[in-house]
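In order, the protein sequence lines correspond to chains A and B.
Taking my numbering, I'd label the letters of the first sequence as residues 1 to 1045.
Taking my numbering, I'd label the letters of the second sequence as residues 1 to 296.
Please keep in mind that the hints were generated in silico from the structure rather than gathered at the bench.
Glycine included, C-beta positions come from ideal geometry on N, C-alpha and C.
Possibly wrong hints are sitting among the right ones.
[Unchecked claim] Derived pair list, reagent style BS3-like, types lysine-lysine, alpha-carbon separation capped at 27 Å:
#: 1; chain 1: B; residue 1: K152; chain 2: B; residue 2: K296
#: 2; chain 1: B; residue 1: K263; chain 2: A; residue 2: K400
#: 3; chain 1: A; residue 1: K885; chain 2: B; residue 2: K288
#: 4; chain 1: A; residue 1: K496; chain 2: B; residue 2: K152
#: 5; chain 1: A; residue 1: K191; chain 2: A; residue 2: K156
#: 6; chain 1: A; residue 1: K769; chain 2: A; residue 2: K831
#: 7; chain 1: A; residue 1: K793; chain 2: A; residue 2: K828
#: 8; chain 1: A; residue 1: K786; chain 2: B; residue 2: K152
#: 9; chain 1: B; residue 1: K296; chain 2: A; residue 2: K635
#: 10; chain 1: A; residue 1: K512; chain 2: A; residue 2: K442
[Said to hold, decoys possible] What the simulated footprint calls covered on chain B by chain A, stretch by stretch (three residues with Cβ under 8 Å from a Cβ of chain A suffice, anywhere in the stretch; the number is not a length):
#: 11; region: 30-40
#: 12; region: 79-88
#: 13; region: 246-257
#: 14; region: 281-289
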Amino acid sequence: MNMGRIIAFVLAAVLCAFADEYPKLVAEWDFSKPDVLTAGPFPLKLRKGAKVEDGLLNSQPTELNVPGGATTYKIHPELDMKGAFSVLAEFEVDDMKAVHYKMLFDNKYNYTDTPAGGFMLALRTLGNDLYCPFASFGFGANCPVLGTTVKLEKGKRHTLRMLFTGLGSVQFFVNGQGAGQGKVMLGSIAKARHVACVGDRYSSTCCHFGKGIAKLAIYEERSVLFTVYANALYRKAFERGEKKATLHYVVFNNSGEDLRNAKLTLQNNDEMTTVTIDELKKGETLDQEIPLDTLLLPGRYEVHGTLCSSDGKELWSGEMPYFIAPKYGDFLPVALTGWGKPEKVKEFGFTHFRSTGSLVPSRNGINEANRIKMNEGLDAALAHGLYQVFYIRPVSFFGKSKEDAKYLRKNRNGELYPNNPLDVSNPELVREICALTEQCAKEVGEHPGWDLAVINSEVRDSMQPAFGGVEEENFRKYAGFPVPREVTGKYPESYKGNPNFSWEHVLPENDKLLTYYRWLWGNGDGWNNVHSLVSDIAHKYLTHHHTTFFEPAVRNPPQWGSGGRTDTISQWTYTNPDPIKINQAFDELRAMADEHEHQEIFKETQIIWYRNQTAPIGEKPANMPDWVEREPDAKYITIPPDCLREAIWCDISHRVQCLMFHGSGCLFPDEPTSSYRYTNPDTKFAFKEMALNVLRPLGPVIKLIPERLPEVAILESFTSSIYAPEHATSGWSKGWAADLHLALQWAHIQPSVIYEEHLLTGRKMENVKVILLPGGEVLGEDVLKKLKELQHKGVILVGDEYTLPALMPDVRIESVKRLINPQETKEKLQKLGLEIAALLKGHYDSPITATDQDIILRRRGTDDADYLFIANDKRVFGDYLGPWKRVMEKGVQTTGTVGIDHPVKAAYDLVRHSPLEFTKTGKGISFDVDLAPGDGRMLLLLKNQRIASVTLKLAATELVRKSTFSIECAVLDEKGGVIQAVVPLEVSLLDANGNPLPGTGFYAAQNGRLVVQDVLAPNMSLGKVTVTVKELASGKEAQATFVVQ
Amino acid sequence: MGRLFLVFCVSCLVLSACRSVPKDEITARQEFRRDLDGHPEKATLYLASPDAEIRRYALYCLAKQKGAEAKATYKVYLKDANEQVRLTALGALLHFSKSDADVQELLTEVAAKDKSRQVAKLAADAAWPFHRDVLLIRNDPNWDHEVVVLNKFQIPDDQWKFKLDPRGIGHMSNNKWYLEKLNDADWAPIKLGEWEKQGYDYDGLAWYRIRFTMPEKVDCNAVELAFSAVDESAWVWLNGVYLGCHDIGPGGWNTPFALDCRKEIRWGEENIMVVRVLDTAADGGIFKPVHVEILK
């Protein structure tokens, strides 16, 4: 060891200490010095493969899975940092891949286990030269902090400084610039239990830094003696108008002496509050709260505070920020089910996103670090006027450990199934799931940021019948006989290999297998009950408004019940190769929701597309686009812009309460993601255009327009789908049953989907004139009887070559086999659609027509008010995915004439806010359309009325701050009657300076009427307020003013 | 009487080819069903209908009433011009009279000669004792994840053993050529490639057997035997267990297919794969590589 250097280091440290100057150097490893490993008080030993070269520590140059870097020889208590400290690292980054973190320093080791001590500092690798500073601290519990994304050029020297204040905050600086900050627990970190490691993790999963670290130094920083700060365990963002809002804050005495008779003065806007602190012992904290006025205008506010000692000496002064978020009058939630920067998420037109993770973060419930993280995420969202779509998903923590083997499903031989599906028919497990959910929901409590709750997801994917437990006994009690011995899986064996199967393909109602499978997929496997219970618990303890949902709700055989009592159900859809698949998925989802009279639906569209379905890696066609070179290994790529646009036009043609989009990594270029790749920069702009121009202004109306009762229904039979699953959609909008739906759309025959339950209960069957039965190979006796009854009443049954022998279709069509080339398949399906229309002619003639099959039409509304939705499906192979010939992704402009066989007096384009010109035909009207690529229309057709004016009436013309205002709007016809339709309105309230006031936004006037009420903010400008109401059908406006005194 | 009835039926079949279907099929079919309501015995009258849908349903109603008694009628309608009528006739025959020798004979004939793939397959399946549903992880509707190939290796292309089966007896209980312990010492060696090019100028059934060794077990979600192409249909066993088939008709001669064998594969040991191949025209055989794919 170089004694001279040790002496020099100690002397320097001692001098620093005497001088009481901060920062004080505690440890330094400078790899440009030849004796770095031996000099100084903390010598290092290199681990296998690591070396010092070119002045850099190269932590592990060859093997990724072997611990690398350099460690101290022992645990040094001097490296247990008390109070504030900082770390300064100088480094270069190499192009080593396959690690998520490049570790600079670690004496903490575990990411999640407790008790934890020490700390780790790293760069999280995001690819494309993007990194996030990352640190994790052991306070007993774990406190991780992730900084903001920075770009670091390879081969250049960079610095990272991490400052731990000891007051519950951490800050990062990269190359001298702020690179994010985060909250951790208050006070010092706990002692490290491991030796220090530079350039890798202490052990386990390796996180080599690579080449390499030039210098790493640890400093002790000056600790602050007193501080007052907003308590990170509580909210700092509030929705405007919330009741009982308070800002929780903490007074911390870090001085080493007790504090007595101190005074804390707080100024919040115009209000001054003084708090006397009789005694605050050294090292202790005092929790306090101050009420907030949430009627303030939306924005960022600060509580200014000063802490003074009994003799008037100022001990601390500072600010505690809080946010008042806007409370929207009405809107259609547009959710990004992925991570994103709030400002970007907002800018592109989303109203919701994910940033907080799960309400249930672990099997152990919620700890303080979780609460801090949750509040940060929720506050950040709300502060940007955004809400969270969040997971509850308590079941994801069960079945992972050996002790949980009792909760797993077993086959008849007592063996576990692949992927270890949970046996939620086990009441003990259900109790545990509920207890964990309850514990977390209670702990989290109210926060309007929690808005859309995913109850569970994909839980039935690996489900199989459970043997040897409660489930078998439950079935015996239900059916009166044991689980049939033929049952070996979640579907019955194919009947095609069964010589004893009914030759008519009709199963009696008491068929034991059918009874079992109806039961299993109903409530038998326990999942629907668990969804219901978790949803109920969420509603009980999260007291603010929120909506629960389950998805993918139709990834199981077509039978009512999926999702249980959740508020809504949802389903995600990959729109390749035909975006109009969205309509099929919607209709299926609606059929599932029909069990409950008031269950609404959400719909999710995948922004990601499977590369192997659209541009397979192994294939090398001519004219490969540039993105392949940039992202050669991409497994999930970006949906093309025209397809996304078209999908959204299809989305809005259905009554829906939320539209979700998954895959932020494919939408935005700099989102941290491992497999979703940003391969098309135009898609995000296509989304933004649709979100801001269509979804935002028309969202309130899109949610309300009623669906028409089905006239043409595709019967998705449960029995056929379990015995002949090859024709069923299984929730993927694939297969013959789904393709038939597309064929009908291309023939302008508006299809809907019904289940066996619709037939048996008669629900929504009143107007059905045609039933199509694709792949209907097997039916139960009761369903067969119903179909025959309906045929007897004149309903036309369309069958195919698979239709069971016992049924005689009125029309038989031949199924279309999908080809790899989507153009050929589309042509075949379009031809089939026309054939069906021709076969039905005279018995069922669709009331909607278009001169081009690529013009897709869908109708909603009432007899008085028709809403006609149009989407342009004309597409060709483009230059983004076209070379692979798997999807026609490039939209093409289309013109044509659209007709509707229904009387119309006036028609309006709701996106352009203008009347639509049309020609009267026999029973209805026709009009020309000119549609841009991926474009669409949303039209309002009024049967007996014409919009003549919009009026607004103010309850008062002179008001004071904090008083309630009321605006009554009406959309009227020439005779002064209100328009009998849901009409979109834009309401704006501008203060004397032209700034928008709360109440401004988009609304739906139901039956032509709307009342907007709100409370005037206490800090709004005095003077004239101008109220403008514009109806978005014909574009008429009305204006009025009131004065705030 | 039976003979008269047959003559009547045949004349109707001839008539059906000459007469045109009524303009409005839907209305005619609705009327037919109404006529049949409460009078199923009237079904016989409609066996001569020019509308195949009506003929088919009449045949079905007849089978419901008469069962095995109407066997001769079913046999007649096995020759109907309409595929659905033939399917119903075949279904009735299989249900009521499958074990009859004449029906067994008919099955072989229909399986070989019927122009409808659906009809031929129904007949072939009825005479074939093996059945297994094939669901690959890549097609599993419950698997919304990228499937990653952990390992892929080719089964040797020059160690196959081969035997012709012109009478289609290899699978029968006294032969069971798929069994792993079968003594195949007298089987001929053959390489990957069309069998015609290796000296077998032959269309029909033939069997392949091969032994290969698996690596040590790895954590995976599926193990698949991936056939690049078999001309033209193939039925596959592994270690004596039937895995499934690739049987989509002559059009399948150059279509890749795979079969899952996660449960049957023996890790770190020798495995025996047996493939029964049917070639009905031109070249035949396993002519492109076969791989084992280990998937996660």
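Here's how the hints hold up against the structure:
no. : hint            : verdict
1   : B:K152 - B:K296 : holds, 12 Å
2   : B:K263 - A:K400 : holds, 23 Å
3   : A:K885 - B:K288 : holds, 25 Å
4   : A:K496 - B:K152 : violated, 32 Å
5   : A:K191 - A:K156 : violated, 35 Å
6   : A:K769 - A:K831 : holds, 22 Å
7   : A:K793 - A:K828 : violated, 32 Å
8   : A:K786 - B:K152 : violated, 51 Å
9   : B:K296 - A:K635 : holds, 14 Å
10  : A:K512 - A:K442 : violated, 44 Å
11  : 30-40           : holds (count 4)
12  : 79-88           : holds (count 4)
13  : 246-257         : violated (count 0)
14  : 281-289         : violated (count 0)
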